[in-house]
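Asker: One line per chain: the protein sequences are X and L, in this order.
For the first sequence, this note's numbering begins at 1 and goes up steadily by one.
For the second sequence, this note's numbering begins at 1 and goes up steadily by one.
Bear in mind the hints are in silico, worked out from the structure with no lab data behind them.
Some hints here could point you the wrong way.
Treat identical chains as interchangeable: a pair holds within one or across any two.
To be verified - Dumping the calculated BS3-like pairs for lysine-lysine here, alpha-carbon to alpha-carbon at most 25 Å:
#1 K32 with K341
#2 K341 with K85
#3 K17 with K30
#4 K97 with K424
#5 K32 with K395
Every value quoted in this text rests on a predicted model; they were computed, and no experiment measured them.
2 protein chains.
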Amino acid sequence: MRARFPGNFSQLDPFFKPNSVAIVGASDGKGKVGRLFMERFLEAGFQKLYPINTREAEVLGISAYKKITDVPGTVDLALVLVPPKSVLDVVKECTAKGVKGIVVVTAKIGEEGVEQEHEAVRVAREAGCRVVGPNCLGIYCPEFRLPFSLGPGMEAGDVGIVSQSGSFADILTKVGTAHGVKFSKAISCGNECDLHAVDFLEYLGNDPETRIILAYFEGTKDGHRLNQVIREVTRVKPVILWKCGITPEGRRAATSHTGSLAGVRRIWEGLLNGAGVIRVHSIEETLDCLYAFNSQPLPKGRRIAIISGPGGPAVGTVDTCVNLGLEVPGLTMATKEALRKIIPSFGTSVENPVDLSFSTILNPGVYGEVIQLLASEEHIDMVLVISYGGEHFIKAIDRVRRYSNKPLAVSLLGPLESIAGDFKFLLQNGVPAYLDPARAAKSLAWLARYAVFAEVRT
Amino acid sequence: MRARFPGNFSQLDPFFKPNSVAIVGASDGKGKVGRLFMERFLEAGFQKLYPINTREAEVLGISAYKKITDVPGTVDLALVLVPPKSVLDVVKECTAKGVKGIVVVTAKIGEEGVEQEHEAVRVAREAGCRVVGPNCLGIYCPEFRLPFSLGPGMEAGDVGIVSQSGSFADILTKVGTAHGVKFSKAISCGNECDLHAVDFLEYLGNDPETRIILAYFEGTKDGHRLNQVIREVTRVKPVILWKCGITPEGRRAATSHTGSLAGVRRIWEGLLNGAGVIRVHSIEETLDCLYAFNSQPLPKGRRIAIISGPGGPAVGTVDTCVNLGLEVPGLTMATKEALRKIIPSFGTSVENPVDLSFSTILNPGVYGEVIQLLASEEHIDMVLVISYGGEHFIKAIDRVRRYSNKPLAVSLLGPLESIAGDFKFLLQNGVPAYLDPARAAKSLAWLARYAVFAEVRT
Numbered sequence: 001m002r003a004r005f006p007g008n009f010s011q012l013d014p015f016f017k018p019n020s021v022a023i024v025g026a027s028d029g030k031g032k033v034g035r036l037f038m039e040r041f042l043e044a045g046f047q048k049l050y051p052i053n054t055r056e057a058e059v060l061g062i063s064a065y066k067k068i069t070d071v072p073g074t075v076d077l078a079l080v081l082v083p084p085k086s087v088l089d090v091v092k093e094c095t096a097k098g099v100k101g102i103v104v105v106t107a108k109i110g111e112e113g114v115e116q117e118h119e120a121v122r123v124a125r126e127a128g129c130r131v132v133g134p135n136c137l138g139i140y141c142p143e144f145r146l147p148f149s150l151g152p153g154m155e156a157g158d159v160g161i162v163s164q165s166g167s168f169a170d171i172l173t174k175v176g177t178a179h180g181v182k183f184s185k186a187i188s189c190g191n192e193c194d195l196h197a198v199d200f201l202e203y204l205g206n207d208p209e210t211r212i213i214l215a216y217f218e219g220t221k222d223g224h225r226l227n228q229v230i231r232e233v234t235r236v237k238p239v240i241l242w243k244c245g246i247t248p249e250g251r252r253a254a255t256s257h258t259g260s261l262a263g264v265r266r267i268w269e270g271l272l273n274g275a276g277v278i279r280v281h282s283i284e285e286t287l288d289c290l291y292a293f294n295s296q297p298l299p300k301g302r303r304i305a306i307i308s309g310p311g312g313p314a315v316g317t318v319d320t321c322v323n324l325g326l327e328v329p330g331l332t333m334a335t336k337e338a339l340r341k342i343i344p345s346f347g348t349s350v351e352n353p354v355d356l357s358f359s360t361i362l363n364p365g366v367y368g369e370v371i372q373l374l375a376s377e378e379h380i381d382m383v384l385v386i387s388y389g390g391e392h393f394i395k396a397i398d399r400v401r402r403y404s405n406k407p408l409a410v411s412l413l414g415p416l417e418s419i420a421g422d423f424k425f426l427l428q429n430g431v432p433a434y435l436d437p438a439r440a441a442k443s444l445a446w447l448a449r450y451a452v453f454a455e456v457r458t
Numbered sequence: 001m002r003a004r005f006p007g008n009f010s011q012l013d014p015f016f017k018p019n020s021v022a023i024v025g026a027s028d029g030k031g032k033v034g035r036l037f038m039e040r041f042l043e044a045g046f047q048k049l050y051p052i053n054t055r056e057a058e059v060l061g062i063s064a065y066k067k068i069t070d071v072p073g074t075v076d077l078a079l080v081l082v083p084p085k086s087v088l089d090v091v092k093e094c095t096a097k098g099v100k101g102i103v104v105v106t107a108k109i110g111e112e113g114v115e116q117e118h119e120a121v122r123v124a125r126e127a128g129c130r131v132v133g134p135n136c137l138g139i140y141c142p143e144f145r146l147p148f149s150l151g152p153g154m155e156a157g158d159v160g161i162v163s164q165s166g167s168f169a170d171i172l173t174k175v176g177t178a179h180g181v182k183f184s185k186a187i188s189c190g191n192e193c194d195l196h197a198v199d200f201l202e203y204l205g206n207d208p209e210t211r212i213i214l215a216y217f218e219g220t221k222d223g224h225r226l227n228q229v230i231r232e233v234t235r236v237k238p239v240i241l242w243k244c245g246i247t248p249e250g251r252r253a254a255t256s257h258t259g260s261l262a263g264v265r266r267i268w269e270g271l272l273n274g275a276g277v278i279r280v281h282s283i284e285e286t287l288d289c290l291y292a293f294n295s296q297p298l299p300k301g302r303r304i305a306i307i308s309g310p311g312g313p314a315v316g317t318v319d320t321c322v323n324l325g326l327e328v329p330g331l332t333m334a335t336k337e338a339l340r341k342i343i344p345s346f347g348t349s350v351e352n353p354v355d356l357s358f359s360t361i362l363n364p365g366v367y368g369e370v371i372q373l374l375a376s377e378e379h380i381d382m383v384l385v386i387s388y389g390g391e392h393f394i395k396a397i398d399r400v401r402r403y404s405n406k407p408l409a410v411s412l413l414g415p416l417e418s419i420a421g422d423f424k425f426l427l428q429n430g431v432p433a434y435l436d437p438a439r440a441a442k443s444l445a446w447l448a449r450y451a452v453f454a455e456v457r458t
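Extracted from the complex, chain X is given alone in its bound form (with noise of 0.2 Å):
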């Protein structure tokens, strides 16, 4: 494949397509974190996997080594989870075994300072072998059967992630595959000894198996290249991006969590902004972005129908809309025309929102038609849709969703229990689903605003 823009990828290879992996500290112990990377790797069916321990002769029916020197045939890829004081060492065995790559899962190497890091870059980087971590998750990559650490879905999808926060890459793969988003490839970066986020964000922008980018940032040692890199990305594909440790509240907590330099807030705002980065500020916004991002096409404007059963939540989001820059424009009179041949007149409103009011409790097929109507007009690019849910609900968006080429979304209001199956069942079929109507209303606009962005840059 022709790099989509110029760079070393080849060195970060073995990180997401080893043949062989080896997991030093592998341990049988409950509560232990050596045991639940061999289950993950064990669920995940990976092949040639080499427990080391310097202990058991077998850890979870699997042969064990006492060092990866020990392993025969080669390894490529090295997860290193012992105490900080052997991480030093372990490093050094790696090299000697011919290892091109290692994640160092453990929080620090070395009990103390900085030395004993600076000698395992330097001893690695000599042996042509890159280092990931400390203090992180690793890599997911489905495609190649590596899992992950609250154990997502192992079927290879699209979406990317580069995380300076191992719990953040963590909860989007878990949550979003209970939610029909495939992953091509996570990564948690921890505290960057050698290879930094923006490598892999490099490497995501560049990869072909990955079409949409999430990134979650704490800070940079090299702001320059940051601003370079993210710049080539956004123009091929969209980095939806979580910059944390923007108060300096917050960049005191980055530099305890992952040793970051979480830098000044109007630098870190000017840089995001300028190149076109989707920037959101919670999990749940992130999430909320992908699922736009994940199912739907870009809009070709941002005039955007509300079609709701309940009234009041409808005037609101009318409101909400306007502020996050979209239109709500009035419908054509052969549209309310057609409107009135389909919904009943007691307490409904043909005006844009759309007020099907009781008509949806008693009817509500009546959304499939009115959605039908509506994306088929010209002078709407996208359309927002609130319910209750329910079973003939779901089956009218299920049936619509199949022939419109305009963006949907749909806000489903009610107890929790009562929506979530609804809620998974509209995600997992390629329509983004919100609990709250201002949510859905945020994600098509960040859809649109993308949608300018990307047209802008071609």
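Let chain X serve as the given structure and place chain L on it in line with the hints.
Answerer: Okay, now just chain L, sitting in the frame of chain X:
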């Protein structure tokens, strides 16, 4: 009971405390609104219920009458569901019968213009009777077995709702009761031909059964009076308010929805912000805010401790808290020492946010000890906990919440299906739970802001 502030409230009592109710336009027909209301009253166990139907002798097994004047004995409250052209006649019959409260559910009084509406109000008032609606869902009052259309629980509590949107009140009561909130009264005011939302706001403000008020406003016909009432009410209890129709497009939608005059944005902003109202901007925000006010004490200050398993979201939550005006203070040496005895050193942090990292996956009970420790710190006013949930975690929270007198909020992270049960359990047991840390932070910030207002006020 002594009125908390002056006002004539006895005229509104028949709407909440009727001994007998007539449903004019009650029906057996499937998919009819007249059936929906009948079913709800029967489910609620309301005793003296009189269906009025011009053709049937029985509705759902209850003796029906052709006219309300045929009912033996008195009728306190009438719900009117007949077509618009018949409403005025029904109102006249109601007053002849001596009814003291009429709720017009029907979208309009008369098919065109406002003449019949004005006449209906004149006739009613002359007879000492008041009217709610048209275009509303009526009254929910569990203490007196008055049901609501989505069928919320019938256990009485102390949260009141006044809403110009029926669906807002509907959703709030439905979702609220599913999540452990109990209501005193909810009023859907509709198009306010006679009684206005402000009348009910005043009533709820004076109602000893109501401790917290939720309000949805689109507009008002008397801004001066609203300003006066809202200031009186916020002096004695928290008012969580969503003002819709704040943008020009939203105003247009409000007019089409309830005929409200939504008014100019800056006038509303001034009125609401000056009155110490807690302003929310979506259904989700309203519920989020309610959950905190419903079960938590007011904090003594704005210093928050964040306790998290996942590290990344904790850093982001610090930003969120600071941006919301909360303080995230450092911990004392003594607290850090005490924390070090509870949590392992592997990848954790004993700063604020406390990063429990992997230790929570391996030992979710650790949360309980850490919360207890921080909640007893003098320099901490409230505690926000971030977790993946699970049995041990829930047990730990359930234990500590009994001993803490500081506000606590929990954010659960994970796929909706797997956390829905924990979410519900926490809410039903007096712990405000959120699906994102940012929302938990926002809710605690609302409490802290109201605490300052309450302090200044007294």
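Asker: A separate judgement is required for each hint: does it hold in the structure or not?
Answerer: Each hint tested on the structure:
Proximity of K32 to K341 under the C-alpha cut-off of 25 Å is restricted to the inter-copy arrangement: shortest distance 19 Å between copies versus 65 Å within a copy. For a Cα distance limit of 25 Å, the shortest separation of K341 from K85 across copies, 21 Å, qualifies, whereas the shortest one inside one copy, 76 Å, does not. Taking the closest pair of Cα atoms, K17 and K30 never come within 25 Å of each other, the shortest separation being 29 Å inside a single copy and 60 Å across copies. Taking the shortest alpha-carbon separations for K97 and K424, neither the intra-copy value of 46 Å nor the inter-copy value of 52 Å comes in at or below 25 Å.
In the homo-oligomer, the alpha carbons of K32 and K395 lie at most 25 Å apart only across protomers (22 Å), although the nearest pairing inside one protomer, at 46 Å, exceeds that limit.
Comparing the model with each earlier hint shows violations of hints 3 and 4; every other hint is respected.
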